[in-house]
Every structure is written in structure tokens, then in C-alpha cells.
Amino acid sequence: MNLKLITMLGVKVDQEIYELIAPTSTGEIAVFPGHEALVTLAVPGVISVRVHKGDPDSKLELFAISGGIIEVSQKSIRVLVDEADHGDDIIEAESRAALERAIELREKAADQIELDKAHALVDRHMVRLKVAELRRHHRR
Amino acid sequence: MASTQVLKSRIRSVKSTRQITKAMQLVAASKMRRAQEATKASAPYAEAARELLTALAGHMSVADHPLFVQRPVKTRLLIVIASDKGLAGAYNSNIIKAYTEQLQADDKAKIKNTTIAIGRKAAQFAARIKDTQILGVYQDLPDRPDGRELRSILDSVRTMFTSGEVDAVDVIYTEFISSINQAVKLIRVLPAGHDAMTDAGGATDAAYEPNTAEVLDGVAYRLVGAQIFQALLDGRASEYSMRMIAMKNATDNASDLVDDLTLVMNKARQSSITQELAEISGGVEALNE
Chain A
1 MNLKLITMLG
11 VKVDQEIYEL
21 IAPTSTGEIA
31 VFPGHEALVT
41 LAVPGVISVR
51 VHKGDPDSKL
61 ELFAISGGII
71 EVSQKSIRVL
81 VDEADHGDDI
91 IEAESRAALE
101 RAIELREKAA
111 DQIELDKAHA
121 LVDRHMVRLK
131 VAELRRHHRR
Chain B
1 MASTQVLKSR
11 IRSVKSTRQI
21 TKAMQLVAAS
31 KMRRAQEATK
41 ASAPYAEAAR
51 ELLTALAGHM
61 SVADHPLFVQ
71 RPVKTRLLIV
81 IASDKGLAGA
91 YNSNIIKAYT
101 EQLQADDKAK
111 IKNTTIAIGR
121 KAAQFAARIK
131 DTQILGVYQD
141 LPDRPDGREL
151 RSILDSVRTM
161 FTSGEVDAVD
171 VIYTEFISSI
181 NQAVKLIRVL
191 PAGHDAMTDA
201 GGATDAAYEP
211 NTAEVLDGVA
221 YRLVGAQIFQ
231 ALLDGRASEY
241 SMRMIAMKNA
251 TDNASDLVDD
261 LTLVMNKARQ
271 SSITQELAEI
281 SGGVEALNE
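Read top to bottom, the protein sequences are chains A and B.
All residue numbers for the first sequence refer to the working numbering, where the first residue is 1 and numbers rise by one.
All residue numbers for the second sequence refer to the working numbering, where the first residue is 1 and numbers rise by one.
Keep in mind that the hints were calculated from the coordinates and are not lab data.
Among the hints, a few may not be true.
What the hints assert, rightly or not - What follows is a set of in silico ranges between Cβ atoms, one per label pair, in the way DEER data are often shown: (1) E101(B) with R139(A): 16 to 26 Å; (2) K108(A) with D64(B): 33 to 43 Å; (3) I129(B) with Q74(A): 52 to 62 Å; (4) S163(B) with H35(A): 32 to 42 Å; (5) Q15(A) with A213(B): 28 to 38 Å; (6) P142(B) with H137(A): 31 to 41 Å.
Said to hold, decoys possible - Computed list of lysine-lysine pairs in PhoX-like fashion (alpha-carbon distance at most 25 Å, straight line): (7) K185(B) with K40(B); (8) K59(A) with K75(A); (9) K112(B) with K12(A); (10) K112(B) with K185(B); (11) K267(B) with K15(B); (12) K12(A) with K31(B); (13) K40(B) with K4(A); (14) K53(A) with K12(A); (15) K108(B) with K97(B).
Since the model is a prediction, treat every value here as computed from it, not as a measurement.
We put the beta carbon where it would ideally sit given N, CA and C, even for glycine.
Chain B with its partners taken away, still in its complex shape (with noise of 0.2 Å):
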């Protein structure tokens, strides 16, 4: 049996394990409260440039826009989310799975393919493999993104696929449906596509200045913008609950072995002290005799 002092050494490394995790856990709840926030906060806009777009349909033809064109895809453009840090379960994990298959799905299908990283460990596992052109990477975003820094991964993205060098532009990211429930999601932000709505909200017989397709323009590259900024808030959510859900089951499995250790100890005390009173007992007997 492992001798006491050994075992209270190992305790307490542990228990001051389980006081990171317990630290790390809650940090990651606040975070991920404030995330979560975010994205309700950020969805009025989507919604307002989806109504707006839905009026635009009403009087032009959409589909010839630029940033509408659906051509047969060729190269293909994927937005990678992921996070700068580990320790948060299968968040990064989970995204990296979905990126490899749709690498292979591309390779598969003969089709090019580019890659912009957000997040760290996207870009390192982005920077081994061969099959994928690294466009652009992005770490180190701020808690709060606040839209400015998507600004130049919009403006490449739409320069791209104007120009024709890319066909599609797809997001891969963690939806945050619930606290303790998220999916790792793909959404294809171009050739934007939107969806005929009935209801066409107010401005229908509105005056279009300067015109129609300039005001379309700005439209299709403000929902485009808001779908990636989403995206990236809903990552930023699962990636918090996520992380404070490993921190949980860390700090669990510490205070397991806590108690575990604290049973052994107490064992080996025990047996000791009655190996103890044994020795004094016998030694006592002899004395007698």
C-alpha cells in the first residue's frame, strides 16, 4: 500500500486541478451567456436585409445579380470556424471531421478547393494537409466581435466569387441550438440564395434610389455578412458551453478521485495505526511475560 505521504501529495495536486476546471467552467458559463446574447441580439439585422431582399425580388430579377449567379461549382471556398484554444470536448474536433469530409467530397468530385481558417486549431489543421489552398487566416478575434473584423474576409469572399475564381462559398461552423446541444452546421452563403416569402413586409411600392440594383448589391452583401457573423457568434456559443461542459466533467472526475484518494489514505492510515497498536500490544505482552 502506498504510503500516506504520498497520498496526500496526490491529493491535494488534484484537488488544485479541480479548482482550475471549477475556474475554467465558470468562466466559460459567463462567456457563453454573453455569446449566446450576441446572436439573439445580431438577428433583427439578418432579418431586416431578408425582408428587404424578399421586397427586391418583388421587382427585379434577382437571380441575374452577381452575387446570386448559380454556376456549375468548380472551385469551391470553405469558411472554417473553429477556436484558438483547446479544452473545450469536441468543439474543435467535431469541426474538423465535417471540414475533412467535405474535403474529400470535393476531392472526390474533382472540384478545387480554398479555405479560409478562423480560429487557431482550424489553421494548424488546415496548414498539414495538402488537399486545400489556404486563402486567409484569422485567429486571436476578439470576445466580442463586433463586425469590423469580418470585414476583409467579406470583401474577399465577394471579390472571389464576382470574379469567378471560386463558384461557392460555404461556412462550416458549430450551431448552438441549446446549452448543452449543438451541431456542427454547413451553410452556403453564395451564390446567395433566398427563399420566395409571401409576406413582403412594407416597402414594396418604395422608390429604389440611386436604383434597383444598386440598392440589391447592398442588400445581398449585408446578409451575406450577417449569415458569416452569425455563424461565427453561434460558434463562439457552442464553443464557451461547450468548454464549460468539459470543465464539468472535469471538475467531476476530479472530486471522484478525490474521494477515491481520500478512501485509500484513510486505508492506509488506519491499517498502520492498527499495525502500530499490534507492535505496542505484543511488545507490552512480552514485557509481561
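Isolated chain A, as found in the complex (with noise of 0.2 Å):
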């Protein structure tokens, strides 16, 4: 089935895949060919992609993403999110180092609006961290 995992920056990935594990607000799910028609919303977390029927677990491919909506067909999936960064995009000592800066500012936030933008950086740094974790537990 073919995946395409959009972003307001452009088309991320336009590709035939096997499987796609992704968190939504109900929890997380994985799609295979075939699945039901289903649109959900899908929550900050981790995608992961599986190209071919049989690849290992190191052979995954990874995406820090920030909310968006999936819509899933019988022969597609269309992954609609505002922000999405691939695996090997990511640094883990960086994204290490950036939690460490986010979680500070939300901590020393002195209004609404600083709180705010500081959960969104400290949600956004966590998923790429986890990502950077997974992908090195993975090719282990």
C-alpha cells in the first residue's frame, strides 16, 4: 500500500509500504494492507514504517511527528502531520542536549504564552529523543 506522510513543508515520503505503526489519540496502531477505511487523529509519538513484509526490526524506518490526522484506505494511507523528521535526521546527543534546554525554559516560563511554547518544545524534543533511542536499540 502506498504511504504518503505530508507536512506544511512539502510530501516527506511517497512510498509503497507493509506496515505502518502509528500513535493516535485512542491509542496506537499498526495498518497493514487491507485495513478498514478509518480517519483518526494521530498524537506526537513515533511512526514506524515497515518497507517490505519480512524486513527486521532494524531495517524500520522512523519519524518524530507532531499531531496530524491519518486517513487510511484500502490501498493507501495519507499521513497528514505538521511536522515530521526521519530517523536519521535526528542527533541524539542534540536532541538530548535540547530536551535538557526545554524542559529548563518551561521551567523558568514567566507567562502563559512562554509555558505554553515550552510544553510544545519539550513534547517536540521528547519524541525525537525517543526516536534517536529507538533507531540505536534497533540497529544494535
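With the hints as a guide, bring the two chains together.
The structure is reproduced here in C-alpha cells:
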């Protein structure tokens, strides 16, 4: 089935895949070919993509995503997210440092706007860090 | 006639100005290309959101959703997108002209007006006038916006609209039609509208989780975001193309000026040589006599 991962910055992925695991507001779902048609809300988390049947976990493609919408139909999946970063683009040490900075910002936030921003930043870097860690785990 | 020394230094200064405007022209041209690509790249996102919305409209009454509610407009929020820097031809003045027109119309219709200004030039203008209340100012946005900078604008716009604080949200921006043609445009992003499309896409008989209302909320929010983001990118592309043209004109003018000044200088030099020669031959004549 075809997967399209669409962000505001453009189409990140447009290819045939075998399996997609994605975080949604009602829990994590796995989608295989022939899944019933479904439209659901994605929450910030990790999307894992298995391109071919029988690929080991070490070959999973990982993406850190922010919230969005997942649309599944018989032959295709469309994931509409605000942001998606490929696992290969994320450097673990960097995202760990960024997460620490974000937490620090959150503690120092003076008003609601800053707090909201810091919260979003913390969420974002937590997801990114998770992707980096998962990737290391899988590749080992 | 001005002395050749003065002319020489003027030519030199015009030439160095020309070098600067030429450089600015090239920089603007390359940035314009990048902004244009970004505009194109973000189109599928808006398109997908619109398709989802159409599919949803077949399932429920979209018009009842808080982001779609039409109310009589008593207060209006304007998002004005201009640039941080000048030297972009009529880019900022066109935007400000359209903005002023809107403010005057609101004033006549007794509509209360609030503004979110994007770009320093818009902020400076909005700060000077009394007809509007400034809600927020965003400047120094990165050259390649990634949408995250819009999140706070989007959230405050949504809260204000759903709480009834404003009854409509409009965006004034410059639409990028081509590299030589841009037009100021006003779009209404809230209440969100949707035109009934016949082609509803593939997800009509899909299950919606957790429910249609929440999915609709997510879709509508993203559609509004995508519209504002597109307006921002279009504004960027227009800004750079107008700057490119303005700088090209400046470069051409500088070249013309250099040519004119060179002509004047050559004439001055020639006439001084002629005069010197006349004096010398006059002197020789006098000695021979």
C-alpha cells in the first residue's frame, strides 16, 4: 500500500510500504494492507514504517511526528502532520541537549504563552529523543 | 563645468552603489526561487486537508462546528503580512494601503478591529495608528518558515474565534502570481468556509476515531493553519521578487548615471585639453613674433 507523509514543508514520504505503526489519540495502531477505511487523529509520537514484509526491526524507518491526521483507505495511507523528522536526521546527543534546554525553559517560563511554547518544545524534543533512542536500540 | 576630479569621485561612488544593488538583486533572486519552491511544496498539505474536510462534510453538518459558525461581524481580527526590511519596491506600501482601506471600512461599519502584525514594517505602521488594537507582533521570522512559528498565532486565533472575542479573521498578504506579477489579497480564514466539491476522495465510508467532531476539529485547525502558512510563504516570495525588480531598476539607473557622468567627464577633460592646447599654441605664436 502507498504511504504519503505530508507536512507543511512538503511531502516527506511517498512510497509503497507493508506496515505502519502510528500513535493516535485512542492508542497506538498498526496498519497492514487491506485495513478498513479509517480517519483518526495522530498525537505527537513515533511513526514506524516497515517497507517490505519480513524486514527486521533494524530496518524500520522511524519518524518523529507532531499531531496530525491519519487517513487510511484500502490501498493507501495518508498522514497529515505539522512536522515529521526522519530518524536518520536526528542526532541523539543533540536532541537530548535540546530537551534539557526545553525543560529549563519550561521551569523558567514567566507567563502562559511562554509556558505553552516550552511545553510544545519539550514534547517535540521528547519525541525526537525517543526516535533517536529507538533507532540506536534497533540497530544494535 | 564641474572639474574632472569631482566627476571622477561621483562616478566611483555611483559604481559602488551599483555593486551593492546588483548583489542585493542576486540575493533576492535566489531567495525568491527558494520561497517559490516552499510555496509549491506546502500545497499538498492544504489540498489533503481540504479533501478530508469535504469527506467529513458528507458525514455531519460542518456548519455547526465552532470554527465554521457564521456570526454577524462586530469585531474583526486582521493578520497583516509585510516584511521586516524595506528596499522592496512597493511591497510594503501596497500592503499598508490595503490595510488602511480595511481599517477605514471597519470604521465606517462600526466594526471593532484588532491586528496581528507580521513583519517589522507592518508593526511600525500599526503602532502609529489609533483605529486598531494590536494583539501581537511577529518579526524576524526565519527565512525558511517551518510552520512552528505560526503555532502561537494559530492558537490565539482559534481561541479568540471560538470564545466569540472576534467574529471574523482575515489575512492581508501579497499573492505571488509570477515573478513579475504580485497582487495584494485578502482572504477570510475564519469562519472557515468550505465549498461543496463533488469529488469527495476515497475516505467517504471510513470510520472516524475517536469521532467525527474531533477529527473535524483537527482537520479544520490544520486547514486554517495551512492557509495562513501559504499566505506567509506567498508574501515571502512576493517580497523577494519585488525586491529583485526594485534592485534591478536601481542597478540599471546606476549604470545609466555612470554612463552620463562618464560622458560629462570626458567632455570636460576634452575641453580642458583643447583649452590647454590653444594656450600653448597661443604662447608659441607669441614667442615667434
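Going straight from one Cα to the other, do K185(B) and K40(B) come out at no more than 25 Å? 18 Å, holds
State, for the Cβ atoms of K108(A) and D64(B), whether the hinted interval 33 to 43 Å holds or is violated. At 42 Å between Cβs, range holds.
Given the proposed pairing of K112(B) with K185(B), does the C-alpha separation stay at or below 25 Å? Between K112(B) and K185(B) the Cα gap is close to 21 Å, so the pair holds against 25 Å.
Mind checking the alpha carbons of K59(A) and K75(A) for me, to see if they're no more than 25 Å apart? Within the cut-off at roughly 23 Å; holds.
Restraint check for K40(B) with K4(A), where alpha carbons must lie at most 25 Å apart: 17 Å, holds
Between K12(A) and K31(B), is the straight-line Cα distance small enough, at 25 Å or below? 22 Å, holds
Could you see if the CB distance from E101(B) to R139(A) stays within 16 to 26 Å? 59 Å, violated
Is the distance from the Cβ of I129(B) to the Cβ of Q74(A) consistent with 52 to 62 Å? 56 Å, holds
When you take the CB atoms of P142(B) and H137(A), is the distance between them in 31 to 41 Å? 33 Å, holds
Outcome of range test on Cβ distance (S163(B), H35(A); 32 to 42 Å): About 38 Å separates the Cβ atoms of S163(B) and H35(A), which means 32 to 42 Å holds.
Would you mind confirming whether the straight-line C-alpha gap from K53(A) to K12(A) stays at or under 25 Å? 22 Å, holds
Quickly compare the C-alpha distance for K108(B) and K97(B) to 25 Å and report which way the hint goes. 17 Å, holds
Taken one by one, the earlier hints fail for this structure at numbers 1, 9, listed in ascending order.
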